[in-house]
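Colleague: So you can see what is in the structure, the chains are spelled out below.
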Amino acid sequence: MSLLGYQQALCDLIASPASCLQLRGGDTAVLDGYDLDDRDRRRLRTVVSQRGMSTACTLYRVNRITPIFTLLPLTCFLLGDDLIGEAEAFWQETVATDLQFSPEASRFAAFVRQRIEEGAVDNPYVEEVMELELALNRVNFAGRAERGETRVRFRHDPEALLGPLSRRQLPPEPPAEGEFWVVVDASGPEVELRAEGAG
Amino acid sequence: MPLTDTSRAGTLRELPKLGVGLLYNPSLPEYLRNHLASYDYLSIIPDMFWTDAGAAASPRFVELPSWMEMLEWVRARKPVIAHNIGMSLGSAGPFDTDYVAHLREWHRRYDFEWHSDHLSFVRVTGAEGHDHNAGLAVPVPYDREVLEMIAARIESVQESIEAPFLIENNVYFVDVPDQDMTEPQFLNELSARTGCGILLDLHNVYANARNHGFDARSFVGELDLDRVGEIHIAGGSEIGDVYTDSHAGPCPEPVWELLEWTVPQAPNLAGITFEFHDSYYPLLKAEGIDAEMTRARAVWGRSH
Chain A
8 MSLLGYQQAL CDLIASPASC LQLRGGDTAV LDGYDLDDRD RRRLRTVVSQ RGMSTACTLY
68 RVNRITPIFT LLPLTCFLLG DDLIGEAEAF WQETVATDLQ FSPEASRFAA FVRQRIEEGA
128 VDNPYVEEVM ELELALNRVN FAGRAERGET RVRFRHDPEA LLGPLSRRQL PPEPPAEGEF
188 WVVVDASGPE VELRAEGAG
Chain B
487 MPLTDTSRAG TLRELPKLGV GLLYNPSLPE YLRNHLASYD YLSIIPDMFW TDAGAAASPR
547 FVELPSWMEM LEWVRARKPV IAHNIGMSLG SAGPFDTDYV AHLREWHRRY DFEWHSDHLS
607 FVRVTGAEGH DHNAGLAVPV PYDREVLEMI AARIESVQES IEAPFLIENN VYFVDVPDQD
667 MTEPQFLNEL SARTGCGILL DLHNVYANAR NHGFDARSFV GELDLDRVGE IHIAGGSEIG
727 DVYTDSHAGP CPEPVWELLE WTVPQAPNLA GITFEFHDSY YPLLKAEGID AEMTRARAVW
787 GRSH
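For the record, the sequence lines run as chains A and B. Each residue of the first sequence is one higher than the last, beginning at 8 in our numbering. Each residue of the second sequence is one higher than the last, beginning at 487 in our numbering.
It is worth saying that the hints were derived from the structure and are not from the lab. Here the structure is a predicted model, which means the values were calculated and not measured. Virtual Cβ for every residue (Gly too), placed ideally from N, Cα, C. The reader is advised that the hints may include incorrect statements.
[Stated by the list, open to error] Selected chain B positions facing chain A (Cβ under 8 Å, derived; list incomplete): (1) 610; (2) 621; (3) 659; (4) 661.
[Claimed, not checked] Okay, the calculated beta carbon distance ranges per label pair: (5) A:201 to B:503: 45 to 55 Å; (6) A:130 to B:645: 50 to 60 Å; (7) A:32 to B:787: 51 to 61 Å; (8) B:545 to A:100: 38 to 48 Å; (9) A:201 to B:594: 36 to 46 Å.
Use the sequences and the hints to build the structure in full.
Modeller: Laid out in structure tokens, this is it:
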């Protein structure tokens, strides 16, 4: 048995429900390219046909989306129906050596920034809201001595935008555009947000 | 290698009998500050207190200040134990000795009473040579060659870190055919070979028994229970028709019954740890955690 080959194939199957279905349907080409012996192949063909494999595939996706959804909840809300597609593209592109919340959320944010630059993200509020959530995360992970004020630039009126978003709603009218700032003030015992400026 | 490691035979007997504890999660700071009497110790996942920038980075492990402040606060008041998730003892690729060295440094700082990790792997070396995260803890096949590999790694951990080491039984969703051993046989032999203890997660046993149709007591009865140093209890939930170890709120009744049955048979048991996911704090609330701890303490008290 090649334990490494078995583990590589099993993990790739867990990450790909489509590959599981392919193997379940008898297409063993899915296992080409792995160093496997007969027992490994028999094991993998057996496990993909068990109901628990679907659970493993689901948990994989849950565990990968959880750090992103926990630390960037409004970004996820704004991505809406595009979230899963963007997340899957991110998972395809990014090799994660760990699933620690803060680094995984930062990696996803870098991916979304790139997608915004490419014009692939339609929602006009994603970038500024995501930067605000990243700033809040930095404050929350910082020690008391390191906490102070951070300013995040907005291109839309933050009060008109963040109020509805806190209720997981989009603004009823497009917020005014201009140059605005949201100050993340962590100098006191509680983190406070306040809007500054108007374009 | 000797069949039984007698050099660590007394280690489990010497574990401090801590009582009942909680596994730390980010919903707990206020509870921990206001309910000091409800828990005897805190179990922490060290990996949650730092970010790991990767093997090539320097510094590799960057601590999260707000989490460290909480750890320092608790450590000044209660014993702390470490429940690791990053050793990836079952990975076929290279063993991460830098991670173990970092844990050793943490043991020096926080004097953990014992520490543990899982009988599974979370990292896999890809075909291109880079490590990937598996996305979940994947059980190893209970084969002889895997036992040899993990035993050698546990020996290495025990040589590096003085505190007793426990290995946790798995939750698994698929049955791997043609394994050389059952999970109890594998755990018993691993423990006998290396002298490590067993962290018996009764909720994992319950989930496996429910999903795979076996008797949970029979499984526990096959284990060498004098090797058990810690027990985990937790709640779960269903995904489709499969029961998962989601740590969803209170501990179900069958797990309490299993705990009642197991504790009197585990003479070296040093702690019962309740685990819940922070997203279930609104369901449990402080009163719910108190109730779980009180009930666990009653079970503990009948045997200690």
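Colleague: Hint by hint, say whether it matches the structure.
Modeller: Against the structure, the hints come out as follows:
{"no.": "1", "hint": "610", "verdict": "5 Å, holds"}
{"no.": "2", "hint": "621", "verdict": "4 Å, holds"}
{"no.": "3", "hint": "659", "verdict": "3 Å, holds"}
{"no.": "4", "hint": "661", "verdict": "7 Å, holds"}
{"no.": "5", "hint": "A:201 to B:503: 45 to 55 Å", "verdict": "52 Å, holds"}
{"no.": "6", "hint": "A:130 to B:645: 50 to 60 Å", "verdict": "54 Å, holds"}
{"no.": "7", "hint": "A:32 to B:787: 51 to 61 Å", "verdict": "55 Å, holds"}
{"no.": "8", "hint": "B:545 to A:100: 38 to 48 Å", "verdict": "27 Å, violated"}
{"no.": "9", "hint": "A:201 to B:594: 36 to 46 Å", "verdict": "44 Å, holds"}
Hint 8 from the list above is the single one not met by this structure.
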